[in-house]
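Asker: First to last, the sequence lines map onto chains V and E.
Be aware that the first sequence starts at -11, since it is given in the numbering used here, and climbs by one per residue.
Be aware that the second sequence starts at 1405, since it is given in the numbering used here, and climbs by one per residue.
Hints are not guaranteed to be accurate.
As the list claims (entries may be wrong) - One-sided excerpt, in silico: chain E residues whose CB lies under 8 Å from chain V:
| id | residue |
| --- | --- |
| 1 | N1437 |
| 2 | R1438 |
| 3 | W1577 |
| 4 | D1608 |
| 5 | P1730 |
| 6 | R1731 |
| 7 | F1782 |
As the list claims (entries may be wrong) - In silico DSBU-like cross-links for lysine-lysine, where the CA-CA straight-line distance does not exceed 35 Å:
| id | chain 1 | residue 1 | chain 2 | residue 2 |
| --- | --- | --- | --- | --- |
| 8 | V | K71 | E | K1765 |
| 9 | E | K1776 | E | K1691 |
| 10 | E | K1789 | V | K71 |
| 11 | E | K1735 | E | K1505 |
| 12 | E | K1470 | E | K1514 |
| 13 | E | K1470 | V | K71 |
| 14 | E | K1450 | V | K62 |
| 15 | E | K1765 | V | K62 |
| 16 | E | K1807 | E | K1691 |
| 17 | V | K71 | E | K1706 |
| 18 | E | K1780 | V | K62 |
| 19 | E | K1450 | V | K71 |
| 20 | E | K1706 | V | K62 |
| 21 | V | K62 | E | K1748 |
| 22 | V | K62 | E | K1789 |
| 23 | E | K1457 | E | K1482 |
| 24 | E | K1735 | V | K62 |
| 25 | V | K62 | E | K1812 |
| 26 | V | K71 | E | K1735 |
| 27 | E | K1748 | E | K1470 |
| 28 | E | K1748 | E | K1514 |
| 29 | E | K1776 | V | K62 |
| 30 | E | K1450 | E | K1735 |
| 31 | E | K1780 | V | K71 |
| 32 | E | K1457 | V | K71 |
| 33 | E | K1776 | E | K1789 |
| 34 | V | K71 | E | K1776 |
| 35 | E | K1522 | V | K71 |
| 36 | E | K1450 | E | K1482 |
Unchecked claim - Not close to chain E: a few residues of chain V, all C-beta gaps over 10 Å, as computed:
| id | residue |
| --- | --- |
| 37 | R33 |
| 38 | A37 |
| 39 | R54 |
| 40 | D57 |
Keep in mind that the hints were calculated from the coordinates and are not lab data.
A virtual CB, placed ideally from N, CA and C, is assigned to each residue, including glycine.
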Amino acid sequence: MPKDEYDPEDPLELCGVGLLTEEDTSEAMTECFIDEFLRLGHDARQVLALFRNRHYTGMNMVFQNRGEDFVRAKITEVFGWWKRPVSWEEASEETPPPAGDESRLPVAGDPHEGVEEQRHTQPLRDPMGNPMPSLD
Amino acid sequence: MSSVYNWQLGREMEYPYEAAYPDRQFAFVFNLNRCIGCQSCTMACKSTWTFNKGQEAMWWNNVETKPYGGYPHHWDVKLLNLLDQANPGGQTWNGTPQALKGPYGQFQGKTIFEVAEKNISPEGAQRALGYLPADAEWASPNRFEDNPSASEKGHKGQMAFSGGELVPQHKTWFFYLARLCNHCSYPACLAACPRNAIYKRPEDGIVLLDQERCRGYRKCMEACPYKKTHYRGTTRVTEKCIGCFPRVEGRDPQGGGLPMQTRCMAACVGHIRLHGLVQMNQDGTWKEDRQHPLYYLVHVAKVALPLYPQFGTEPNGYYIPPRWVPRPYLKQMFGPGAEAAVEKYAHPDRELLAVLQLFGKDARMCFRYEIKPGPKVFETVIRGKPFEIYDDTIVGYARDGTKIIETKVEEPLHVRDRRYANSI
Ligand code: SF4
Ligand code: SF4
Ligand code: SF4
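Please work from the sequences and hints to get the whole structure.
Answerer: Below is the structure:
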């Protein structure tokens, strides 16, 4: 429920914490997410776009912490289990993403890097890729 | 206290009333591997039932991010602690699983009913061990969730969805736990109510709270281990999930007279939910109903497990545990069946793959399924285990035998034109 300003008195305010642990289950989590989206009918490139998308927090966490190479390798592996060979060359990065593709959103790196710039130089887009009205 | 049989615990247990079972029981299975925490379910319930004055902090359906989140805060940790204090080190399971009467072995510990007499409050012994959350604990239902937060101070006009950059990142495993009232077979809310305002319907096992009888003593809130009854300050009585009973009865015009899944089930965009009515035996166990999808998931495949069965209320919400979560956590939350359930889900067999296709396909309730065998697509080995895929067709039928679902294991993906992205 986004709204204008953070209000600590608001009982509906959303907040988050990080809890550190030694237990890293990100590999199993990665496999599960790939598996589920594959079963839903997504192709390898669509799954990669979800990992790049900050709105999919769990997937994006893996992407940021373990890197794109790891994610691509896992996608190739899980798709391989399902006898769906993945060729990353075919899905060239140079191909412009179709309208509404999630990979238009900012990708990994410093969470704030480029965001300000994007906010002021490009029309904002919602998660479906539609332009959003400026509130400035 | 009476002695009643709790099949989830594989033994008799004490309960303040005599056993009485409905003909059919409201039950549901949630696949936690698929929940994306979108809260569509939460909003479907809120916009249907709890949008009035005094209901602002009332979320009959909620989705919390485990292990941090909870609504009310730390509800499960608090109760687990109370149970551990009452029976230190004794909350264990053993015994051999037996079909229908004890699929998870036997619980050796004590339920909230069995330790209650020792838990003396100023008003005397409790009927079920519990605690009354403070008002502040019901606030911030999304606390510790990883949804986007609001704008930073001094940055008016930022929108949380403009880039997702305000999403705090959890540094460890987490998953979304969607919850609503479990319409328990031995409801603690009902047991604790001094006014007998809470009752369980004989036709479908839905647990309802009579607001004419309720005087707002909040004993149910204290006793419900899942904290799923809610006090309303404006009316000074308590309210709870009503199981969308008009839909379950087939009175929603959309269903054409057939029982429908509840609002929160039908609205689930992640297709994680399957809701139905299961047949009960007179001894409180589930009647064998091999082609009922919920019977199959709970008693045959055993991939779906009750939430905190050790509390003893025999909840009717079942969960396919998330594959990536450390096993001790899953065993605490879903009982000793967790390891096998995860294993089965990670290496699904032919029937399970087909039945999973029923989730989220039609808002009407499915009472029976049939699988029409299709060709073998391939065979392979996944993590050392053989795995075969058949493109079977699964057909689901409503109560009166109407065909409501027909889909394949290798389901085609259709992408809706973006012009209609938000149309229903
Ligand atoms: S979950 Fe709580 S409110 Fe619902 S029936 Fe069980 S004890 Fe009662
Ligand atoms: S079953 Fe109906 S009343 Fe209960 S939580 Fe779901 S939508 Fe709300
Ligand atoms: S609508 Fe479904 S996917 Fe979304 S939060 Fe609710 S249970 Fe999870």
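Asker: Go through the numbered hints given earlier and state which of them the structure violates, listing their numbers in rising order.
Answerer: 4, 6, 14, 19, 32 and 35
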